[in-house]
Amino acid sequence: NAGVMQNPRHLVRRRGQEARLRCSPMKGHSHVYWYRQLPEEGLKFMVYLQKENIIDESGMPKERFSAEFPKEGPSILRIQQVVRGDSAAYFCASSPGGQGSSPLHFGNGTRLTVT
Amino acid sequence: EDQVTQSPEALRLQEGESSSLNCSYTVSGLRGLFWYRQDPGKGPEFLFTLYSAGEEKEKERLKATLTKKESFLHITAPKPEDSATYLCAVQAGGGSQGNLIFGKGTKLSVKP
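From first to last, the protein sequence lines stand for chains F and S.
Position 26, counted from 1, in the first sequence is what our numbering calls 26; the numbers after and before it change by one each time, with no gaps.
Position 43, counted from 1, in the second sequence is what our numbering calls 43; the numbers after and before it change by one each time, with no gaps.
Just so you know, these hints were derived from the structure itself, not from any lab.
Honestly, I wouldn't trust all of these hints.
One side of the interface only, derived from the structure: several residues of chain S facing chain F at Cβ under 7 Å [unchecked claim]:
hint	residue
1	Ser96
2	Phe102
3	Gly103
Which stretches of chain F does chain S cover? Using the computed rule of at least three CB atoms under 8 Å from a CB of chain S, they are [to be verified]:
hint	stretch
4	15–28
5	72–80
6	83–97
No residue lacks a Cβ here, since even glycine has one placed at the ideal position from N, Cα and C.
Here chain S stands alone, though its shape is the one from the complex (with noise of 0.2 Å):
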C-alpha cells in the first residue's frame, strides 16, 4: 500500500537553529514527491517537486533532497514567519495526475 509517514509531527526551534524535518515514502513508481507549506486557516502553499533520487531543490532558508526512500526538507536559520505546518506528499505511478498521497505534516514552531 502507498503510504507517507512524516517526522516528527511538531518541531520547536529557536531563531536561527537549523533543522531537518523528515518524509518517508512507500510507493510503487514514484512520479514526483511534492512539498507544501500550510498556514493555519488556509490551502497548502506549494514549495517544491522532486523527480529522481538525488535531486535538490532551494529556495530562500528552504532545500529538499530526495533518495529512494525519503526525503528531506532542511529549514536553515529559520525565522519565526517560518512557522507553519509542513506537508509532504507523492503521487504514485498507479494513481491519476492529482491523485496525490499525503502525510500527516509536521508542524513547526520558531521561536523568537
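Excised from the complex, chain F in its bound form (with noise of 0.2 Å):
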C-alpha cells in the first residue's frame, strides 16, 4: 500500500534553471495539496488541485510558479527561472476526496537547492 510518492528527492538548480517536483498520490486518493518548507519556517500551505482543476492556490506566489493534477499522471509543481529563495523542502500530501476535514498524508518531499 504505497503512499504519497514524491520524485525527485534532492534537485540542484542553477539560477534561472526551471524545476519540476512530481508527486503521486496515495492509491483511492483524488486530492492533492502542495506545501512549502523554509528552514526554520513551518509548513506554509501553497495550492490544492484535484484531477484537472485547480480548487485554491491562494498560497501560490503570483509569478514562476505554477501547478497541474492532469487527467493521468503525477501532479507536477513547477518553477520557472528560480531563485536562491526558492531553496526549499516542498512536500505533497493528499486525501481522499468528499467534504470534511480529512487529514492530509505527506510524502518525503523533494528539496531544491538553487546554486
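Taking the hints as your guide, dock the two standalone chains into a single complex.
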C-alpha cells in the first residue's frame, strides 16, 4: 500500500533554470496539496488540486510558480527561472475525495537547492 | 489573522520523563486541529485529528487534548524513538479543505 510518492528527492538547479517536482497521491486519493517548508519556518500551504482542476491557489506566488494535476499521471509543481529564495523542501500531500476535514498524508518531499 | 503558536521550540527529556507540548491557536471557525510527527528528512506523519473542545485522542504513549484556545500533546514515559519534531496545524472555517495553518513545531529529544 504505497504512500504519497514524490520525486526527485533532491534537486539542484542553477539560478534561472526550471524545476519540476512530481507527486503521485496515495491509491484512492483524488485530492492533492503542495506545501513549502523553508528553513526555520513552518509548512506553508501553496495549492490544492483535484484532477484537472485547481481548487485553491491562494498560497502560490503569483509569478514563476504553477501546478497541475492531469487526468493521467502525477501532479506537477513547476518553478520557472528559479532564484536562491526558492531553495526549500516541497511537500506533497493527498486525501480522499469528499467533504470534511480528512487528514492529509504527506510524501517525504523534494529538497530543492538553487545555486 | 489565523495563527498557530507552538511551545516550547525544543524540549529535552530523559527516557520515562513525561511532559506536554502546547499548541495555541487563533482561528476563525475551527474545522479541525491536527497533530503530526516529522522525522529528519521525512514528511509529516499524521497522528491525530481533534474537532471540538473537550475532545481527547490517544495512541500508545501520546494523548492529544483540545480546548477552545489550545491543544496539548501529552507524552507519557517517552522513549528515545519518540524523538522527532511534533507539528500542530489547524483548518480554519474560511479555508479550503487541506489549506492547513501549521505551527513551527516542537523538537523533542528523548535521551536514554
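Output the indices of the hints that this structure fails to meet, ascending. Checked against the structure, the hints that fail are numbers 4, 5, while the rest are satisfied.
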